[in-house]
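K.L.:
Produce the entire structure from the sequences given, and follow the hints as far as they go.
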Amino acid sequence: MIEFRGVTKTYPGSERPAVDDLSFEVPEGEICVLVGPSGCGKTTTMRMINRLIEPTEGEILIGGEPNTRISATELRRKIGYAIQQIGLFPHRTIAENVGTVPSLLEWDKERIRRRVDEMLELVGLNPDDFRNRYPAELSGGQQQRVGVARALAADPPIMLMDEPFGAVDPITRERLQDEFLKIQQDIRKTIVFVTHDIDEAIKLGDRIAILKQGGTLAQYDSPENILTNPASEFVASFVGTDRVLKRLSLTRLEEIELGPPQGNGGLPRLPEQASLKDALSEMIGSGAERVLVISGEGRVRGSLSLDELRRLSGRAG
Amino acid sequence: MTPEGIVRVFLRPQFPELLLTHVELSALAVGIAVLIALPVALAVRSSPLGTAVAINVGNVGRAVPSLALLALALPFLGFGFAPSLVALTALAIPPILINATTGLREVSDEVVDAARGMGLSESQILRDIQLPIAAPVIFAGVRTSAVQVVASATLATFIGGGGLGNLIVEGFQRGDEAILLAGALSVAALAVATEVLFGALERALTPKGLRLTRRKRTK
Amino acid sequence: MEFVPAGFVLLQQLEPRIMDWGWVRENFAEDVLPALVGHVYLSGVSLAIALAISLPTGVLVARYRKAYPPVVFLAGLLFTIPSLALFAILVTVPGIGIGPNAVIIALVAYSILVLVRNTVAGLDSVPPETIDAARGMGLTARQILFKVELPLALPVIVAGVRIATVTVIGIATIGAYIAGGGLGQLIFDGIDRLFPTMIITGAALATALAVAADVGLLLLERRLRPWARRAGGQG
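Chains as they are written, first to last, in my numbering: chain V, 1 to 317; chain Z, 1 to 219; chain W, 1 to 235.
Heads up, none of these hints are tricks.
Heads up, simulated EDC-like pairs for lysine to aspartate or glutamate below, C-alpha to C-alpha not over 20 Å straight-line: (1) Z:K208 with V:E137; (2) V:K78 with Z:E122; (3) Z:K208 with V:E96; (4) V:K182 with V:E272; (5) V:K277 with V:E257.
Quick caveat, the hints were computed from the structure, so don't treat them as lab data.
P.N.:
Structure follows, in structure tokens:
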């Protein structure tokens with residue numbers, strides 16, 4: 001859906017490129033997270049997609065067509081855009097903010113009104129309470145939600161998000177991430193998401209592009225593969241020495257083949273939505289060699305032993 | 001000197017004419033100043049160097065004493081309404097230029113970036129985002145300028161520009177306190193009225209969302 | 001407009017040269033220098049009195065907030081009255097009359113608004129946690145005011161002094177009309193005699209004085225805020 005072909009960006013007056021010969025593809029309906037240390041060109045890379053920055057070399061194809069085929073403003077109206085600083089228009093109501101791109105596209109008033117309400121509901125804000133308020137009357141987390149609603153309003157097939165959950169407290173961030181994943185299950189947008197936080201990347205990404213200083217691609221792969229087989233020293237140190245644990249946190253108990261329910265009531269019990277990392281933590285904490293996995297209805301689904309867990313994580317070593 | 005003496009001055013047939021000249025001088029000066037300062041502020045808005053130059057020129061301009069400006073018009077432009085208007089316009093420009101430049105600069109980069117990222121054209125960004133957000137600050141500059149020009153137009157009398165200053169000068173020359181006070185009071189009333197009127201306009205021009213932002217900031 | 005005698009043409013006939021440097025040289029010690037000194041004196045005395053009134057008033061109304069709106073309203077009203085009108089009103093007050101006193105009273109009145117407002121704004125800009133920390137370390141209210149609040153408020157107060165100084169220097173020129181002396185004297189005499197050299201000398205010196213005071217106080221203001229400079233350098 002989005003394809004980078006040998007894209008290089010060198011800023012005027014700078015000797016080294018900020019983004020160097022980047023080629024990769026983001027498949028339709030997936031979340032691609034661009035991640036890396038500051039100065040790795042991840043934001044520049046994202047901003048070249050909607051031409052807020054023009055590449056020095058190479059081209060970017062969207063749906064098979066170069067993104068220079070239509071005018072920059074026309075292109076941007078088809079691509080949702082949400083940034084960390086949100087950039088809500090302080091002089092406009094929440095409804096007017098969310099309705100920005102639909103108005104630019106000259107939708108009729110009634111359709112915009114309905115769409116605005118729908119979007120506010122989608123991001124968990126009651127339209128009756130928020131429609132006529134101004135950005136200054138909202139908390140940081142609420143503003144972030146409006147920012148996402150505004151980016152989604154014209155139903156663009158593509159969304160660009162630059163640390164959209166960066167400016168809120170960790171608990172709110174966690175919740176916004178969970179809701180975001182839930183929304184994405186329904187809307188299936190092609191999303192390019194920028195973050196500096198590898199945990200956020202692992203949690204949200206279908207694919208992760210790890211960039212390193214100088215704007216080169218260090219690895220582009222699924223979170224699973226990046227954690228299991230880091231392509232280089234740089235990737236290994238960037239994902240951290242706890243990558244085995246991170247990998248375990250990607251898999252939920254319900255997703256693996258469980259052993260028969262052994263032993264008795266003395267074993268610790270875990271819900272099936274818990275991750276392998278939770279299971280490991282429980283075993284270490286309780287000193288047990290095995291945990292029981294319980295289904296939603298409280299039935300024992302099976303069990304997982306420490307040996308089995310070791311085997312599952314073995315490849316990650 | 002009696003209150004009746006002052007009222008008698010207000011009832012003179014020349015009084016409306018002096019008042020009108022005063023208002024005319026002031027309104028034209030501020031109007032022309034807006035037409036000069038605003039395009040300059042718009043032109044320099046995306047250049048940090050231009051912005052700095054505009055603000056510094058404005059600051060130096062604001063320091064120039066009003067009597068100095070009016071008096072300087074005399075040797076170069078002569079006596080009368082037009083030279084006074086030129087001097088008053090020069091006086092009116094700095095506050096508008098400073099406020100328009102800083103007002104446009106203070107529209108946050110993120111807001112402009114978000115607007116651009118959503119596909120607003122540059123002219124839409126200016127018209128729908130930057131100008132409305134900067135409007136209260138720009139208008140505050142127009143208000144400062146208007147009040148200052150109404151006050152300084154009193155001095156136009158010294159270079160033959162007319163206006164209510166004529167009464168004050170006449171009062172001094174004839175040693176007539178009634179005329180002197182009639183002039184002083186009418187000028188003071190006009191200045192206060194200008195301040196009140198423009199203050200009300202400024203509040204009306206501030207979008208509601210920005211009033212909320214401002215209140216939040218001052219808490 | 002009965003006293004509009006002449007236009008540009010007449011002026012050119014009377015004085016072919018716009019600037020007569022010979023006059024400046026001959027009359028420097030007798031006219032120009034005293035006017036400049038008189039101007040500095042008028043402005044300086046007025047500012048000193050205005051500061052002596054405004055600083056305590058500012059500290060007081062910053063504490064007793066109810067008094068702030070009426071004080072600012074009154075000072076704002078005074079500030080709005082055009083200077084020539086205020087001079088005219090003051091000279092009719094018995095005991096004042098024409099002369100430097102009326103000018104100084106007006107200049108003080110004009111300075112109060114800016115000085116009080118900036119004193120309050122400066123004190124407001126001191127972070128509450130800083131005051132809290134000072135209190136926690138056992139400083140008395142008096143020590144907090146003089147050792148913490150006023151030093152931190154100083155840059156904003158100096159910014160007010162800067163605006164007040166420029167305003168006072170400008171308005172003092174008009175004071176010459178009611179026999180206050182200063183550089184305005186050169187300007188008014190020049191207008192009376194249709195002698196451009198005097199007008200230009202007076203106007204140029206008044207402008208130079210105002211701009212110099214503005215720039216000088218701006219530099220002082222920046223020096224008083226080393227913390228802001230550092231933050232600015234990083235951003």
